[in-house]
Amino acid sequence: MLKMFKPAPEKERLPEDQIDSHYKRLRLQVFIGIFIGYAAYYLLRKNFSLAMPGLIEEGYSKGELGIALSAVSLAYGISKFIMGTVSDRSNPRVFLTSGLVLSAVVSLLMGFVPFFTSSIAIMFVMMFLLGWFQGMGWPPSGRTLVHWFSVSERGTKTSIWNVAHNVGGGLMAPIATLGMTIFAGSYFVGYEGVFILPGLVALVLAVVAYALIRDTPQSEGLPSIEEYRNDYPTNNKETLETELTTKEILFKYVLNNKWVWAIAFANIFVYFVRYGVLDWAPTYLSESKGFEMSESSFAYFLYEWAGIPGTLLCGWISDKVFKGRRGPAGVVFMFGVLIAVLVYWLNPAGNPMIDNAALIAIGFLIYGPVMLIGLQALDLVPKKAAGTAAGLTGLFGYLGGAVTANIIMGYVIDHFSWGGSFVLLIVSCVLAMFVFALTWNVRGQEVVKH
Numbered sequence: 194m195l196k197m198f199k200p201a202p203e204k205e206r207l208p209e210d211q212i213d214s215h216y217k218r219l220r221l222q223v224f225i226g227i228f229i230g231y232a233a234y235y236l237l238r239k240n241f242s243l244a245m246p247g248l249i250e251e252g253y254s255k256g257e258l259g260i261a262l263s264a265v266s267l268a269y270g271i272s273k274f275i276m277g278t279v280s281d282r283s284n285p286r287v288f289l290t291s292g293l294v295l296s297a298v299v300s301l302l303m304g305f306v307p308f309f310t311s312s313i314a315i316m317f318v319m320m321f322l323l324g325w326f327q328g329m330g331w332p333p334s335g336r337t338l339v340h341w342f343s344v345s346e347r348g349t350k351t352s353i354w355n356v357a358h359n360v361g362g363g364l365m366a367p368i369a370t371l372g373m374t375i376f377a378g379s380y381f382v383g384y385e386g387v388f389i390l391p392g393l394v395a396l397v398l399a400v401v402a403y404a405l406i407r408d409t410p411q412s413e414g415l416p417s418i419e420e421y422r423n424d425y426p427t428n429n430k431e432t433l434e435t436e437l438t439t440k441e442i443l444f445k446y447v448l449n450n451k452w453v454w455a456i457a458f459a460n461i462f463v464y465f466v467r468y469g470v471l472d473w474a475p476t477y478l479s480e481s482k483g484f485e486m487s488e489s490s491f492a493y494f495l496y497e498w499a500g501i502p503g504t505l506l507c508g509w510i511s512d513k514v515f516k517g518r519r520g521p522a523g524v525v526f527m528f529g530v531l532i533a534v535l536v537y538w539l540n541p542a543g544n545p546m547i548d549n550a551a552l553i554a555i556g557f558l559i560y561g562p563v564m565l566i567g568l569q570a571l572d573l574v575p576k577k578a579a580g581t582a583a584g585l586t587g588l589f590g591y592l593g594g595a596v597t598a599n600i601i602m603g604y605v606i607d608h609f610s611w612g613g614s615f616v617l618l619i620v621s622c623v624l625a626m627f628v629f630a631l632t633w634n635v636r637g638q639e640v641v642k643h
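Here our numbering is used: the first residue of the sequence shown is 194, the next is one more, and so on.
What the hints contain is simulated information worked out from the structure, not anything from laboratory work.
Even for Gly, the Cβ is constructed at its ideal location relative to N, Cα and C.
Careful: at least some of the hints might be erroneous.
List time: in silico DSSO-like cross-link candidates among lysine-lysine, alpha-carbon distance up to 30 Å [unchecked claim]:
id, residue 1, residue 2
1, Lys199, Lys350
2, Lys513, Lys217
3, Lys217, Lys204
4, Lys482, Lys217
5, Lys350, Lys217
6, Lys516, Lys350
7, Lys482, Lys255
8, Lys350, Lys513
With beta-carbon atoms standing in for the labels, derived distance ranges [what the hints assert, rightly or not]:
id, residue 1, residue 2, range
9, Ser214, Ser254, 35 to 41 Å
10, Gly378, Gly543, 31 to 37 Å
11, Val620, Asn423, 45 to 51 Å
12, Pro202, Phe305, 36 to 42 Å
13, Pro367, Ala542, 31 to 37 Å
14, Pro502, Lys204, 45 to 51 Å
15, Asn423, Val536, 22 to 28 Å
16, Lys513, Ile249, 25 to 31 Å
17, Ser214, Ile249, 53 to 59 Å
18, Phe305, Lys196, 29 to 35 Å
19, Glu250, Trp611, 18 to 24 Å
20, Lys513, Val306, 47 to 53 Å
Construct all of the structure, not just a fragment, from the sequences and the given hints.
If you want it as C-alpha cells, here you go:
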C-alpha cells in the first residue's frame with residue numbers, strides 16, 4: 194500500500210472536558226466532507242450519456258457507444274471491490290480526494306483533447322480509467338461512516354449521506370449543459386463542455402473535501418464512536434478497532450457471509466434498472482418522445498433529485514416500520530419502480546408531463562434500494578471490513594447490472610427497438626423484488642461474526 198494512503202496514527206486522548214465539543218464539531222465536519230466529496234464524484238460519472246446524442250450525430254451507433262459507456266461500470270465494479278480492500282487500510286481523507294482529482298483529469302482530457310474522443314477504442318480506455326478512479330469514492334466514505342457514527346444512528350446518517358448521489362448526479366446535467374454553452378466555439382464540436390466544466394468544478398470540490406475529512410476519531414485524540422455514544426454492536430462491547438489484514442477481511446468476514454452474497458445478487462438487478470433507465474434517458478426521450486437536449490437534461494436532473502426524498506423515506510421506513518429489516522422496504526420500493534417503468538414506457542409521445550412524472554417516480558423509488566444494499570453491506574460486517582463488503586456488492590451491481598445495462602440495452606435497442614429494452618427492465622424489477630424477499634427477516638448486526 195502506498196505510504197500516502199497510510200491510516201492516520203492515533204493521537205493522545207484529549208482531556209475529558211474537550212471530548213464532547215470536539216466530537217460534535219468533527220462529526221459534522223467529516224460528514225459534510227464525505228458528502229461534498231462523493232457528490233463531486235457524480236459530477237463526472239455519467240457525463241458521457243449527455244454527450245452520446247452528439248456522438249451519434251458524428252456516426253457512432255448506439256451499440257458502439259454502449260460498449261464505450263460500459264467501460265465505466267466494468268472498471269468501477271472491479272475497482273470498488275479491489276480499492277475497497279485498500280481503503281479499509283487507508284486514510285479516507287487522502288484516498289477519496291485522490292480518486293476525485295484523477296477522475297477530473299480524465300474528464301478534462303476528454304473535453305479539451307479531441308484525440309480522446311476520436312474512436313470507440315480510445316473512448317473505452319478513457320471510460321475505463323474514469324470508472325477505476327470513480328471506485329475510490331464509496332469505500333472510504335463507508336469507512337468514515339462506520340468510524341464516526343454508531344450502529345443505532347447509522348441507518349439515518351447513511352440515508353442522508355447517500356443522497357450525495359442525487360445531489361451530484363442532478364447537478365451534473367445543468368452544469369454539463371452550461372459547459373456546452375460556455376465552451377461552444379470553433380474549436381469545439383458542441384458536446385465537449387459536458388466534460389470540461391464538471392471537471393473544473395470537481396477539482397475545486399476535491400480541495401474542499403480534503404480540508405474537511407479526517408480519518409478515525411482516535412486519530413484526532415477521541416475515543417471510538419461506540420465508547421463515546423455507549424452504543425455497541427455486541428453485548429460484550431467489542432469494537433474491533435484493530436486494523437485487519439486483507440486475508441482476514443476477505444475470508445473471515447466477507448466471502449463466507451451468505452447475506453452479503455444475497456444482497457450482492459440483489460444489486461445486479463437494482464443496478465440494471467437504475468442505469469438502464471438513467472444512461473439511456475437522454476437518447477430515449479430524444480428519439481421516442483421528441484424531447485430537445487435541454488428538455489432531456491432537465492428530465493435527467495429530475496430523475497436524480499427525486500431520489501433525495503425517496504432515499505430518506507426508504508431509510509426511515511426500514512428503521513421505523515420494519516424495525517431494521519431492509520428486505521421488506523426493498524420489496525415495496527422495487528414494486529413501485531416496476532409500476533413507474535411501465536408508465537414511462539407505455540405513455541405515448543406528446544405527453545412530456547407524464548414522462549417527467551414517471552422519471553421522477555423511478556428516481557424517487559430506485560435510490561432507496563440502492564441505499565439499502567450499501568447500508569446492509571456496512572451492517573453485515575465489522576467496521577474494519579466495511580469498504581470490502583460494500584465493494585463486493587458494488588462489483589456485482591456494476592459488472593452484472595450496470596455493464597449489461599450499457600451493452601445489452603444498446604444492442605437490444607438496435608435490434609428490437611425500445612420495447613425490447615423495457616422488457617429487460619421489467620424482468621429485472623421482478624428479480625430484484627424476489628431477492629430482497631429472501632432477506633425479509635434479516636437484521637444486519639445480528640449476523641455479524643466476531
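Of the hints stated earlier, which fail here?
-> Hints 4, 9, 13, 14, 15, 16 contradicted; others consistent.
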